[in-house]
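Working from the sequences, and respecting the hints, build out all of it.
Line order of the protein sequences matches chains A and B. The first sequence lines up with residues 0 to 306 when you count with numbering that gives the first Met the number 0. The second sequence lines up with residues 0 to 252 when you count with numbering that gives the first Met the number 0.
Bear in mind the hints are in silico, worked out from the structure with no lab data behind them. Think of the CB as a built atom: it goes at the ideal place given N, C-alpha and C, for glycine as much as any other residue.
Simulated pairs of lysine to aspartate or glutamate, DMTMM-like, Cα-Cα distance not exceeding 25 Å: (1) A:Lys270 / A:Glu256; (2) A:Lys139 / A:Glu167; (3) A:Lys222 / A:Glu197; (4) B:Lys249 / A:Glu85; (5) B:Lys249 / A:Asp71; (6) A:Lys217 / A:Asp181; (7) A:Lys270 / A:Glu239; (8) A:Lys226 / A:Glu239; (9) B:Lys251 / A:Asp67; (10) B:Lys251 / A:Asp71; (11) A:Lys217 / A:Glu304; (12) B:Lys6 / A:Asp71; (13) B:Lys83 / A:Glu159; (14) B:Lys245 / A:Asp71; (15) A:Lys226 / A:Glu256; (16) B:Lys251 / A:Glu58; (17) A:Lys227 / A:Glu284; (18) B:Lys245 / A:Glu58; (19) B:Lys83 / A:Glu85; (20) B:Lys83 / A:Asp96; (21) B:Lys6 / A:Asp110; (22) B:Lys6 / A:Asp96; (23) B:Lys245 / A:Asp67; (24) B:Lys249 / A:Glu58; (25) A:Lys227 / A:Glu304; (26) A:Lys107 / A:Asp67; (27) A:Lys107 / A:Asp181; (28) B:Lys251 / A:Glu159; (29) B:Lys6 / A:Glu115.
These stretches of chain B come out as covered by chain A in the derived footprint (C-beta under 8 Å, 3 or more residues): (30) 11-19; (31) 74-87; (32) 245-252.
Per label pair, the in silico range of CB-to-CB distance: (33) A:Arg127 / B:Trp242: 38 to 46 Å; (34) A:Arg177 / B:Met0: 34 to 42 Å; (35) B:Leu237 / A:Gly178: 44 to 52 Å; (36) A:Ile90 / B:Ala241: 30 to 38 Å; (37) A:Ala111 / B:Lys245: 36 to 44 Å.
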Amino acid sequence: MQSILSVQNLSKVYPGGFHALKSINLDIYHGEIFALLGPNGAGKTTLISIICGIVNPGEGKVVAGGFDIVKDFRSARQLIGLVPQELSVPIFETVWDTVKFSRGLSGKPLDAAYLEQLLRDLSLWDKRHSKIMTLSGGMKRRVLIAKALAHQPRILFLDEPTAGVDVELRRDMWQMIRGLRDNGVTIILTTHYIDEAEEMADRIGVINKGQLILVEEKVSLMKKLGKKQLTLQLAQRLSEIPASLAEYPLSLSSNGEQLIYTYDEQNEKVKITDLLRRLADLQIEFRDLNTSQSSLEDIFVSLVEGK
Amino acid sequence: MNFYAIKAIYLFEMARTWRTLMQSIASPVLSTSLYFIVFGSAIGSRMAEIDGISYGAYIIPGLIMLTVLTESTSNASFGIYMPKFSGTIYEILSAPISAAEIVIGYVGAAASKSIVLGLIILITATFFVDFSIQHPFWMLAFLVLTSISFSLLGFIIGVWAQSFEQLQIVPLMIIAPLAFLGGSFYSIHMLPPLWQTITLFNPVVYLVSGFRWSFYGVSDVQVGISLGMIGIFILICLAIIAWMFKTGYKLKV
Numbered sequence: 000m001q002s003i004l005s006v007q008n009l010s011k012v013y014p015g016g017f018h019a020l021k022s023i024n025l026d027i028y029h030g031e032i033f034a035l036l037g038p039n040g041a042g043k044t045t046l047i048s049i050i051c052g053i054v055n056p057g058e059g060k061v062v063a064g065g066f067d068i069v070k071d072f073r074s075a076r077q078l079i080g081l082v083p084q085e086l087s088v089p090i091f092e093t094v095w096d097t098v099k100f101s102r103g104l105s106g107k108p109l110d111a112a113y114l115e116q117l118l119r120d121l122s123l124w125d126k127r128h129s130k131i132m133t134l135s136g137g138m139k140r141r142v143l144i145a146k147a148l149a150h151q152p153r154i155l156f157l158d159e160p161t162a163g164v165d166v167e168l169r170r171d172m173w174q175m176i177r178g179l180r181d182n183g184v185t186i187i188l189t190t191h192y193i194d195e196a197e198e199m200a201d202r203i204g205v206i207n208k209g210q211l212i213l214v215e216e217k218v219s220l221m222k223k224l225g226k227k228q229l230t231l232q233l234a235q236r237l238s239e240i241p242a243s244l245a246e247y248p249l250s251l252s253s254n255g256e257q258l259i260y261t262y263d264e265q266n267e268k269v270k271i272t273d274l275l276r277r278l279a280d281l282q283i284e285f286r287d288l289n290t291s292q293s294s295l296e297d298i299f300v301s302l303v304e305g306k
Numbered sequence: 000m001n002f003y004a005i006k007a008i009y010l011f012e013m014a015r016t017w018r019t020l021m022q023s024i025a026s027p028v029l030s031t032s033l034y035f036i037v038f039g040s041a042i043g044s045r046m047a048e049i050d051g052i053s054y055g056a057y058i059i060p061g062l063i064m065l066t067v068l069t070e071s072t073s074n075a076s077f078g079i080y081m082p083k084f085s086g087t088i089y090e091i092l093s094a095p096i097s098a099a100e101i102v103i104g105y106v107g108a109a110a111s112k113s114i115v116l117g118l119i120i121l122i123t124a125t126f127f128v129d130f131s132i133q134h135p136f137w138m139l140a141f142l143v144l145t146s147i148s149f150s151l152l153g154f155i156i157g158v159w160a161q162s163f164e165q166l167q168i169v170p171l172m173i174i175a176p177l178a179f180l181g182g183s184f185y186s187i188h189m190l191p192p193l194w195q196t197i198t199l200f201n202p203v204v205y206l207v208s209g210f211r212w213s214f215y216g217v218s219d220v221q222v223g224i225s226l227g228m229i230g231i232f233i234l235i236c237l238a239i240i241a242w243m244f245k246t247g248y249k250l251k252v
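Pasting the structure below:
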């Protein structure tokens, strides 16, 4: 797949000595939705801020649409739109004026028809003459999105787009992000809501303590999610798995008290009864049993806690 | 050059002036009018002429400078401080614009306001005092250069300031005293010799003197020196701003 944004060996040390990013390598593909997951302070915003030009880059290099973000900053930044995490809006301005201002900053001539469509899509058209200070929090966030899209960027960064947003607006936001992707905009969003990543993303990256610890297709992550485990608390310890059960993907806990059967819910349902019958035949009794499903959350937590 | 961006910033800043018309135009005009009434008409009529010019007329260039200096500084500093304060600076920093374009937008707008303000005060003065302008071109040139140079200074202060108090303190505590002691209300030749020498370290002396020369053809220091000093001042400000953007000083980490 074609890469539209390439981060190469990017590191950042803040003046206080804080190592915010440690040699990040990341390629974002054209037209995808990429979710960057990580706890607070992991480096998500620093990464985005460097790419957008708000934070001085440390070592390394970033190329957006073929343009180096430092040497060719004009061409690179014309391709990029940013919706920041904070609701930083010029409160005394009207919606229309501020969107026009954003368009002008990018160096593109005013396109009233496009801006009108943009505001209509974001349900802001009726509010275009309102001062931003009179708008609700959700509306202000839409204004930020309108500003970011005013120059028709090819790459859109959304830094925690749904933080502090109610459920309905969150759904709207997801809908809108999908719509943008359908129009060919590449989207990179940061979030610490795992369900948001699950819902939206084509690929997921996990960042923690300045290191990118995982980048994977959501589908393959979901396969891992599909795995279930049946844990049997044995009445008597086993020293090893009986040879006659070799055909089952079984494992024995180190103390020999638990027999763990890993299976795929979709395909092998029948085998559970099968297995239990075989265990009964072998007179292996168990006191209790439970099943568990590894969620993205489990994977995330185990990754972030450094396993 | 990203002209659309310069225009966007410039118009944004000018729009702020219209929103705050009372504060940005009416209030300086009012306070200057009070100076004309008190010093020009009431006290001025009892004072001797200076260099053959009535006192009321003599103080006009100084009064215009006084307003232009303080307004340029505070306007330009506020213009760049506000986005820093509200967080909207992210948009300026992430836009495809160079430092020079940002400065032209912000400083250009602040200087434009000061020039308009200076001209309004000049017109106001005609209602109180009779005077003529011998070198209108140079008068405009001094007005424009002074507006630009102190707007550049204001921009530096706005980038540096981290609170509204810091933002106010330089115009109030440094610019205003320098302007008052820079010969706005008197000729520096009226001072004792020691103070005449000390005064020459005050950059405002050169601005007021040159500006007054453009009105009446008399000056405390040579006109060429006045122009040179403004030129040097502008270069120093530009160098500081260039350094600020290069290092990201208080703009980026």
